[in-house]
Every structure is written in C-alpha cells, then in structure tokens.
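Asks: Using the sequences and the hints given, assemble the complete structure.
In this text, residue positions in the sequence shown follow our numbering: the first is 252, and each later residue adds one.
Keep in mind that the hints are not guaranteed to be accurate.
[Stated by the list, open to error] Computed list of lysine-lysine pairs in PhoX-like fashion (alpha-carbon distance at most 25 angstroms, straight line): (1) LYS295 <-> LYS380; (2) LYS438 <-> LYS312; (3) LYS364 <-> LYS380; (4) LYS284 <-> LYS312; (5) LYS438 <-> LYS284; (6) LYS357 <-> LYS380; (7) LYS312 <-> LYS365.
[What the hints assert, rightly or not] Label pairs and their in silico Cβ distance ranges: (8) LYS357 <-> THR406: 41 to 47 angstroms; (9) PRO360 <-> LYS438: 27 to 33 angstroms; (10) ILE433 <-> GLU356: 46 to 52 angstroms; (11) ARG349 <-> LYS438: 16 to 22 angstroms; (12) ILE362 <-> ALA407: 41 to 47 angstroms; (13) LYS357 <-> LEU431: 18 to 24 angstroms; (14) GLU356 <-> GLU411: 20 to 26 angstroms; (15) ILE362 <-> LEU427: 17 to 23 angstroms; (16) PRO360 <-> ASP409: 27 to 33 angstroms.
Hints are computed from structural coordinates only; laboratory data are not their basis. Ideal Cβ positions, reconstructed from N, Cα and C, are used throughout, including at glycine.
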Amino acid sequence: MDHSVILSLMKNPKGQKGEMMYPVFKNFIMLGKLTYFHFYQGGKENYPLIGDQGATLLVRKLLLLRPPYLYEGDVVVMRHPEIPQSFLVRRLVATEGREMMSTDEKDEPFILKKGHGWFLSENTSLEPKEAYDSRTFGPHPIRSIVGRVIYCMRTAEDHEVVRNNPESQTRDAPVLNMELDIEEMAKFNPARK
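Replies: Written out as structure tokens, the structure is:
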C-alpha cells in the first residue's frame, strides 16, 4: 500500500483526500503485488544465502531508494555494472557520505559520492575478483537497485526470511504476510525437489 500512496502523492502533491482516493485505488489495483519472483543462479559469491543450485527470491519492489524504503544492510537485486540487462544480488553496506577505507594500506580513504552505494557479496571469504562486488567495480549508483530481497527459497524444503536491516524487516513483515506464497514460489524454482 505504501507504493500506491507514494505514487498517488506524486501525482497529487496537494494531497486532497477525496481526489487522492481514486489514484490510490487505481495504483493498488493496477500495480497488483508489491513483490515479484526472481530466480538467481547459484554461485559461491552469495553462499550461504543462495546455494550452488541457485534460489528463487521474493523481491519487494522499491519506488524510492532512500530511507525509510532502503537501508544499509539490505540485500538487494541490482543491475549488473557492466551488463545492464543482467542482475546481481548483493548487500548494500554503505551509502553516500560514508568514509570508505581499504584493508590495503596503499589505498587512500574516500567518501561515497551522492547517489552511490557500496555493495558486497554475502561470502566475505572470497577474494574481490571472485566475489565481483564493490571491491572490484567500486561505488555503484543506488538507482541501479530494482528491489530488496525479502525471502529466499533454495529448495521447497530449504527457505527462509532474508535478514535485512531491522527497519526494513519491520516494513516488509506485512508484505510477507500478504504476498508470500510458498507453493507458488516452489513452482517458480527450477531447483525444486
């Protein structure tokens, strides 16, 4: 519903209640769900969140890419930095204004620019080139994020809520209660057993 209200307010900035109800209803009905399924191929960069066989992810669509809709610590689906029609799943660990320091003493610290974030793979034991995250491609525009991963199904028996920033998890709980359909998700998962 947040999504519908935001769209309505963007179309009706004065916010008159009578005039606002039709766009809220229209957006909610036309947009339907606030989530979508995304199958992500397996790989060691997102282990243990996503196993070797891949996983079906329930992704919450995000209209605005700033708090209270997006927080550091969220697992997100983002456009691939070099192949825009492809997607990566990474954790957003820092946003604009944060000072970033390297473990390599030769590298100078830097501040993340406006509209950029620092994204890391789940498997922190990998070398940067194996993980293919911000340690390889550097800061990346926040606008490349297409949604927050809120549920992960590796197999029909192995699935769980994704641990995101606590604020995000609180906001996502009602969406999960309304839109999580394990049976439908299992049908979408090619790795299902």
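Asks: Given the range 27 to 33 angstroms, decide if the beta-carbon distance of PRO360 to ASP409 lies inside it.
Replies: violated, 40 angstroms
Asks: May I ask you to test the hint 20 to 26 angstroms on the CB atoms belonging to GLU356 and GLU411?
Replies: violated, 39 angstroms
Asks: Are the Cα atoms of LYS312 and LYS365 separated by 25 angstroms or less?
Replies: Roughly 22 angstroms separates the two Cα atoms, so the pair holds.
Asks: Can you confirm whether the C-alpha distance between LYS364 and LYS380 stays at or below 25 angstroms?
Replies: Since the Cα atoms of LYS364 and LYS380 sit roughly 23 angstroms apart, the hinted pair holds (cutoff 25 angstroms).
Asks: Confirm or reject the claim that LYS357 and THR406 have a C-beta distance inside 41 to 47 angstroms.
Replies: With a Cβ separation near 44 angstroms, LYS357 and THR406 satisfy 41 to 47 angstroms, so the hint holds.
Asks: Taking the beta carbons of LYS357 and LEU431, is their distance inside 18 to 24 angstroms?
Replies: violated, 47 angstroms
Asks: Is it true that the CA of LYS357 sits at most 25 angstroms from the CA of LYS380?
Replies: holds, 18 angstroms
Asks: Determine whether the Cβ-Cβ distance between PRO360 and LYS438 falls within the hinted range of 27 to 33 angstroms.
Replies: Violated, since PRO360 and LYS438 (Cβ atoms, about 48 angstroms apart) do not stay within the stated range.
Asks: Measuring from beta carbon to beta carbon, are ILE433 and GLU356 in 46 to 52 angstroms?
Replies: holds, 48 angstroms
Asks: Honestly, do ARG349 and LYS438 meet the 16 to 22 angstroms range at C-beta?
Replies: For LYS438 against ARG349, whose Cβ atoms are near 41 angstroms apart, the range 16 to 22 angstroms is violated.
Asks: Taking only the CA atoms, is the gap from LYS438 to LYS284 under or equal to 25 angstroms?
Replies: holds, 18 angstroms
Asks: Please check whether ILE362 and ALA407 have a Cβ separation lying inside 41 to 47 angstroms.
Replies: holds, 45 angstroms
Of the hints listed earlier, those the structure fails to meet are numbers 9, 11, 13, 14, 15, 16, in rising order.
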